[in-house]
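Colleague: Go by the hints and put chain B onto chain A.
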Amino acid sequence: MAVSGPAARTRRGLSLRARRTLSAYTFLAVPLGFFLAIRIAPAAGALVISLHRWNIVGTDQPFVGLANFREVLSDRQFWQAAANTLRYAAAGIPAQLALGFAAALLLRRAVRFRGFFRTVYFVPFVTPVVAAAWVWQWMYSPNFGPLAMIAGRLGLPAPLRTPALALYAITALVVWEYLGFQVVIFLAGLEAIPQVYYEAAAVDGARGWDLFRHITVPLLNATLVFSVVYATIVYLQLFTQVLNMTFGDPGGPLGNTATIVLYVYTLGFQRFHMGQAAAATVVLFAALLGVALLQLTVLTRRVEY
Amino acid sequence: MARTLAPRGPTGLAASDRVPRRSQAGARWRSAAAYLALAAGGVVVVFPFAWMLATALKTPQQIFELKFWPSAPTLDNIRQVLLATQFPRWFANSLGVAAATTASVAFFDSLVGYTLAKLRFPGRDVIFIVILSTLMIPTEMLVIPWYIMSARLGWIDTYWGILFPGIMSAFGVFLMRQFMAGVPDELLEAARIDGLSEFGLFARIALPLVRPALAALCIFTFLGNWNAFLWPLIVIQTPEMRTLPVGIALFSGEAGSSWHLIMAASTLAVLPVLAVFALLQRQIIEGVVLTGLRS
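For the protein sequence lines, the chains are A and B, in the order given. Each step along the first sequence adds one to the number in our numbering, with nothing skipped, and position 237 is 237. Each step along the second sequence adds one to the number in our numbering, with nothing skipped, and position 61 is 366.
No lab work stands behind these hints: they were computed from the structure. The structure displayed is predicted, hence computed values, not measured ones. Where is the CB? At the ideal position from N, CA and C, for every residue including glycine. Errors might be hidden in some of the hints.
[Stated by the list, open to error] Some, not all, of what chain A presents toward chain B, calculated at C-beta under 10 Å:
| id | residue |
| --- | --- |
| 1 | Ser50 |
| 2 | Arg53 |
| 3 | Phe122 |
| 4 | Ala133 |
| 5 | Trp134 |
| 6 | Trp138 |
| 7 | Gly155 |
| 8 | Leu156 |
| 9 | Asn256 |
| 10 | Ile260 |
| 11 | Val282 |
So that you can see chain A by itself, here it is in the shape it has in the complex:
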């Protein structure tokens, strides 16, 4: 790697500029190879596979045009998984942001134990997801799980076994996992707001709610945008939590908790319809791209004021 030492001497004829270009490309050679071979080429590969009938067992992979896309897009399970994924996001992201924001505001008041609480709330974020999912599955266990008992007291059936509730039962795990992360991000955002603004506004006679609405919220916009983008990416790719909380029957008997990634996994690696699975990932990719573009246009405009 350290080419410039001896190489520079043997190539004394090269200009400084050429030498620097040479060392730059020496440093970049392996990483460029990696990003081309392990990221860009496989992404193109996914497109190619999606146009072929590609079953891992067979040797010939005939070109089938858009047949895989047609099959995926007319598959009821795919649309169910897509709708579920959106449901997870629609339930989880607002909950996570609201609870995280509330906790961060409370922490600003709690001067004495701020560090302690921040650490406690953060612990689930570093906890191995698979282990946490099994713990939560056990907490939802009918008859013996504390969460099932609480649901019972409220007159609800065992959440994880009830199609209408199972998705939200899993969402609770995800929110629990990411709450501390949100708190830390919001706390940092709140601390970055200069105190002078509050003082100046207070001199002008602004009070609690006005300060909150006209200073805290607008100046926290960048933090909000980051949080929403980050959470959207997390929720659209939900897989580990769902698979581990419904391990015996991934996605639930009626597919009520299945996500797009779970759909791809089952299709590609349990039923070995690689071509169709690849087509589904291409659709997911398009959706993620769409979300990114939407967020870029909608959310950056908001930051302006």
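Modeller: Frame of chain A; chain B shown alone:
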């Protein structure tokens, strides 16, 4: 949500201390309420860990009693998981894979970040955009081609097969480039005149100056790989090669309703992480802030 907070008074927070004082008693009451709410939230956050540990220390009979904490805690379940499964091996696999990946990411991402931030050469911006654009590709789209590639190259069920997709990260490159840009050019120029090689400039001058960002990147890479599930689940086939998450998932799946064993396995997976977190919590949380706000 904001609406429910509003009646509690100035949500302008610490600023409220400096705003014309209201009644001391009111402030004290509000602060007590804040602590109470935080403590309640803390209990909810911590409860799953307590429940996990309580079950792990129970006998199979005690699980189905309604007592939260066992009267005579037993370590039998922990012992059984350690002896009857390949748990120690899975732990070592995860440690090895995560450590190797982290070392690789730390080296290559900071080198690329340095090169893109501090060296001037034709094609620099194009290369940066190409690397950055790979951030848009979801892993799910790549696992099928990776699998087919690994099958052809004989990488299935090998350590290299588990870790090759993660040896560099576009996010890390982006992060390190941001921080490397803050290294003063004069410093590098002076060292260059003193005869330091281009690689020496990176390793001896620039790298030590971005140590906090590098530490954050290492922590996240390690955590991410320690928890990685989708790709390891696909590429691993034999029990000896399992990483901890894959091992825990498949073991728990086979254990049926032996919740005492499943919780013992979870406890074994969670405790080391909590121990490390307890030691490094400040760095880890500050790392979140550092990387979160930069991106």
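Colleague: All the hints need checking, so say for each whether the structure fits it.
Modeller: Against the structure, the hints:
This hint holds: Ser50(A) has a C-beta 9 Å from the nearest C-beta of chain B, less than the 10 Å allowed. With its C-beta approaching chain B no nearer than about 14 Å, Arg53(A) sits outside the 10 Å limit, and its interface hint is violated. The beta carbon of Phe122(A) is positioned within 10 Å of a beta carbon in chain B (closest approach about 6 Å), and the interface hint is therefore held. Here the hint on Ala133(A) is kept, as its CB sits about 8 Å from the closest CB of chain B, short of 10 Å.
Among the interface hints, the one on Trp134(A) holds; its C-beta lies about 5 Å from the nearest C-beta in chain B, closer than the 10 Å criterion. Contact between Trp138(A) and chain B, as hinted, is supported at the beta carbon level, the nearest pair being about 5 Å apart and thus within 10 Å. With 10 Å as the threshold, the beta carbon of Gly155(A) stays out of range of chain B, its nearest partner Cβ sitting at about 20 Å, so the hint is violated. The beta carbon of Leu156(A) is not positioned within 10 Å of any beta carbon in chain B (closest approach about 18 Å), and the interface hint is therefore violated.
This hint is violated: Asn256(A) has a C-beta 20 Å from the nearest C-beta of chain B, more than the 10 Å allowed. Hint status for Ile260(A): holds, given a least beta-carbon distance of 8 Å to chain B, under 10 Å. Nearest Cβ of chain B to the Cβ of Val282(A): about 7 Å, under the 10 Å cut. The hint holds.
Hints 2, 7, 8, 9 from the list above are not met by this structure, while the remaining hints are.
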